[in-house]
Amino acid sequence: MEDGALIKLCHSDKNKGMEQVLKKYTGFVFAIVKSRLCEVCDSSEIEDCVSDVFIRFSESFDKYDTQRSSLKTYLGVMAKNLASNAARDKLSTMPLDDDGMIDVPDTFSVEDAAAEKELIKVVTEQIKLLGPPDSDIIFRKYYIGQSSKQIAKELKMSVSNVDVRAHRAMEKLRKILGGII
Amino acid sequence: MKKNIEEILQNADPAVLDGMFDTIKAEKIDEKNIKNKVLGKKSKKNTAVWRVLTIAASFALIAAAGALVIPRLAGQGTEDPVTTVSTGDKSNAAAVIKPEKEYDSSLNALISLKDFDRIIWSDDTAPAYLPSNSEITVYNGIRVTKELYERLQTAKDNDLFAVTAKRNIDIPEKFEDFVYEGKTGKEYLDEHNRTYPIYGALHLLEQSADGNTTAFENWIRDSIIEEQGEEFLSKYYRDGVFDKERIRKDLDAARDASNFAARAYEEAFNAYAAASYPRIYAFREYNGIEIYNGYHAETDTHYYIMIVTKSQLAALKADYDKADKHEVDYGFDFENSYFSLVPYSEEDVRYAQNGSDTELPAIACEVEQILETMAE
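If you read the sequences in order, they're chains A and B. Numbering follows the working numbering, with no gaps: position 50 of the first sequence is 72. Numbering follows the working numbering, with no gaps: position 51 of the second sequence is 820.
No lab work stands behind these hints: they were computed from the structure. Treat the hints with care, as some may be off.
The calculated DSS-like cross-link candidates involving lysine-lysine, where the alpha carbons are at most 25 Å apart (straight line), are [to be verified]:
{"#": "1", "chain 1": "A", "residue 1": "K175", "chain 2": "B", "residue 2": "K794"}
{"#": "2", "chain 1": "B", "residue 1": "K771", "chain 2": "A", "residue 2": "K150"}
{"#": "3", "chain 1": "A", "residue 1": "K178", "chain 2": "B", "residue 2": "K772"}
{"#": "4", "chain 1": "A", "residue 1": "K46", "chain 2": "B", "residue 2": "K804"}
{"#": "5", "chain 1": "B", "residue 1": "K952", "chain 2": "A", "residue 2": "K178"}
{"#": "6", "chain 1": "B", "residue 1": "K797", "chain 2": "A", "residue 2": "K171"}
{"#": "7", "chain 1": "A", "residue 1": "K178", "chain 2": "B", "residue 2": "K955"}
{"#": "8", "chain 1": "B", "residue 1": "K804", "chain 2": "A", "residue 2": "K85"}
{"#": "9", "chain 1": "B", "residue 1": "K804", "chain 2": "A", "residue 2": "K36"}
{"#": "10", "chain 1": "B", "residue 1": "K772", "chain 2": "A", "residue 2": "K139"}
{"#": "11", "chain 1": "A", "residue 1": "K38", "chain 2": "B", "residue 2": "K797"}
{"#": "12", "chain 1": "B", "residue 1": "K772", "chain 2": "A", "residue 2": "K143"}
{"#": "13", "chain 1": "A", "residue 1": "K178", "chain 2": "A", "residue 2": "K150"}
{"#": "14", "chain 1": "A", "residue 1": "K175", "chain 2": "B", "residue 2": "K952"}
{"#": "15", "chain 1": "B", "residue 1": "K794", "chain 2": "A", "residue 2": "K46"}
{"#": "16", "chain 1": "B", "residue 1": "K772", "chain 2": "A", "residue 2": "K112"}
{"#": "17", "chain 1": "A", "residue 1": "K197", "chain 2": "B", "residue 2": "K771"}
{"#": "18", "chain 1": "A", "residue 1": "K178", "chain 2": "B", "residue 2": "K794"}
{"#": "19", "chain 1": "A", "residue 1": "K150", "chain 2": "B", "residue 2": "K772"}
{"#": "20", "chain 1": "A", "residue 1": "K30", "chain 2": "B", "residue 2": "K952"}
{"#": "21", "chain 1": "B", "residue 1": "K794", "chain 2": "A", "residue 2": "K171"}
{"#": "22", "chain 1": "A", "residue 1": "K45", "chain 2": "B", "residue 2": "K794"}
Could you put the whole structure together from the sequences, leaning on the hints where they help?
Structure, rendered in structure tokens:
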């Protein structure tokens, strides 16, 4: 069932609609949540977080706009954010991966919404421009939080190849962004 | 100021990230359990094992509520969860009351009661997902391996068995040998492995041809030669000049080929999985038996495990036959399936030896957790 039809069904019969959303996206949301939480939460907490994603969605699907993003992306972002919250709640400090660091000028403050939006746009565009498999690797490793092993398995590459590519792609990204932001 | 990519993108609008999740594959999970939580349905739970688990879970939940659940809920607030990540401020945590969850059927709860030590596993070292070479015999109307049959003969009624079900129809042991729509699994895999790097290489060449020649000279050229060979590169780059037209033309074809191969591989693998593993979680729905996700890390293969007493196994067929089956999707094919013991694998389950009766042992997630929560 297409995204538009799913949302239409959610509006006309919430339970039936959510059943279809669950059927189509539970495995995907689970993959995102597990990537972020598998080192800090047990399986029942991971499952709780997956459930939270769909509960939140069932309460707010009217905010989703099929014209702006696919439902997969919408749920992916929601899953990633809720999983990050859960991970942050488990750990007093979230370890940040130094390899994923980029120099950002102070002018791009999170308090300046417009500047932050621009920064997000520029960084996302440049990650996309890396092209596959590098864009995939950077997104998975530094945004979703997948391990190199997991990425290697899914992209059918060796772990060392993933690490080498991630390192090179980050170097490239820093260099390009250095000239833009 | 240095910022991590995750920090930068933490408030990204889904529209900006559209398409970036497309290659993330769904993982296998029993959606019934999530469905019950989301839609508020409860499955039937009336067995002795279930009652034991409920008691264990009550203790686990009381211990865990303050530490785990309340802080999690505190972060929810009224923020839009799509574009907002909590700042980790837990100051309001105490004001949040935990809602409805009544019990926890995770294996953690089972382990905390030391029932885990009572589970009988297979002595066979072959992975549980493979068809068994063992002789098949019949036990109270169900087909079982000889190993399981013999262990049942000496077991007490409440002994726990880790059991899976397999098809005994003509399914090859490995996906590579499985034939789906005229091609073997290996052919699907090879095609996927062949097309994806070509697409990646052409994409990098296109970027380089459009001006990013420094990166090309530094590493892209070498990596393309390493992966695809000099002959491949020479088709698109010769004497310091890129053949842009050919790159663009071949890039479109490579993208289509890669997407097609990836989809075909996934479809073939799903067909293999569906053909190989009977949906034994039917028994949770109808008989209240605990079913967990099994996982073999080396081959990335999922299967289901029933944690079942001898009594339940003995009555399985009769109970199943008389159960009120309201969802045809979850039917179980007794004729073409047999049950076998699951081997315990240190690789799959990391059982924390912390010496405490109350502390919940960890299930290794990074090493690929095997038994996941399935029922509520």
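Quick rundown of the hints versus the structure:
Taking the CA atoms of K175 (chain A) and K794 (chain B), the gap is near 11 Å; set against the 25 Å cutoff, the hint holds. Between K771 (chain B) and K150 (chain A), the direct Cα distance comes to roughly 21 Å. Compliance with the 25 Å bound is thereby established for this hinted pair. Only pairs whose Cα atoms come within 25 Å are accepted, and K178 (chain A) paired with K772 (chain B) is rejected, the gap being roughly 30 Å. With a CA separation close to 12 Å, the supplied pair K46 (chain A) and K804 (chain B) stays within the 25 Å bound.
Taking the CA atoms of K952 (chain B) and K178 (chain A), the gap is about 20 Å. The hint holds against a cut of 25 Å. About 18 Å separates the Cα atoms of K797 (chain B) and K171 (chain A), which keeps this hinted pair within 25 Å; it holds. The suggested pairing of K178 (chain A) with K955 (chain B) holds, with an alpha-carbon distance near 13 Å, which does not exceed 25 Å. Taking the CA atoms of K804 (chain B) and K85 (chain A), the gap is near 22 Å; set against the 25 Å cutoff, the hint holds.
The suggested pairing of K804 (chain B) with K36 (chain A) holds, with an alpha-carbon distance near 13 Å, which does not exceed 25 Å. Proposed proximity of K772 (chain B) and K139 (chain A) is supported: the alpha carbons are some 15 Å apart, at most 25 Å. The hinted pair formed by K38 (chain A) and K797 (chain B) meets the criterion: a straight-line CA distance of about 22 Å does not exceed 25 Å. For the given pair, K772 (chain B) sits about 15 Å from K143 (chain A) by alpha-carbon distance, which is consistent with the 25 Å threshold.
The suggested pairing of K178 (chain A) with K150 (chain A) holds, with an alpha-carbon distance near 20 Å, which does not exceed 25 Å. At most 25 Å may separate the alpha-carbon atoms for a hinted pair to count; K175 (chain A) and K952 (chain B) meet this at roughly 22 Å. Distance restraint check for K794 (chain B) and K46 (chain A): the Cα-Cα separation of roughly 12 Å lies within the 25 Å cut-off, and the hinted pair is therefore satisfied. A distance of roughly 22 Å separates the Cα atoms of K772 (chain B) and K112 (chain A); the hinted pair therefore holds under the 25 Å criterion.
Annotation: proposed proximity of K197 (chain A) to K771 (chain B) holds, straight-line Cα distance about 14 Å (limit 25 Å). Under the criterion of a C-alpha separation no larger than 25 Å, the hint pairing K178 (chain A) with K794 (chain B) is consistent with the structure, at around 13 Å. Pair hint K150 (chain A) plus K772 (chain B) holds up; C-alpha atoms about 19 Å apart against a cutoff of 25 Å. Proximity of K30 (chain A) to K952 (chain B) is assessed by CA-CA distance (about 39 Å); at most 25 Å being required, the pair is judged violated.
With a C-alpha separation of about 15 Å, the suggested pair K794 (chain B) and K171 (chain A) falls inside the 25 Å cut-off, and the hint holds. A threshold of 25 Å between alpha carbons decides the hint, and for K45 (chain A) with K794 (chain B) the separation of about 14 Å falls inside it, so the pair holds.
In this structure, the hints that do not hold are numbers 3 and 20, in rising order.
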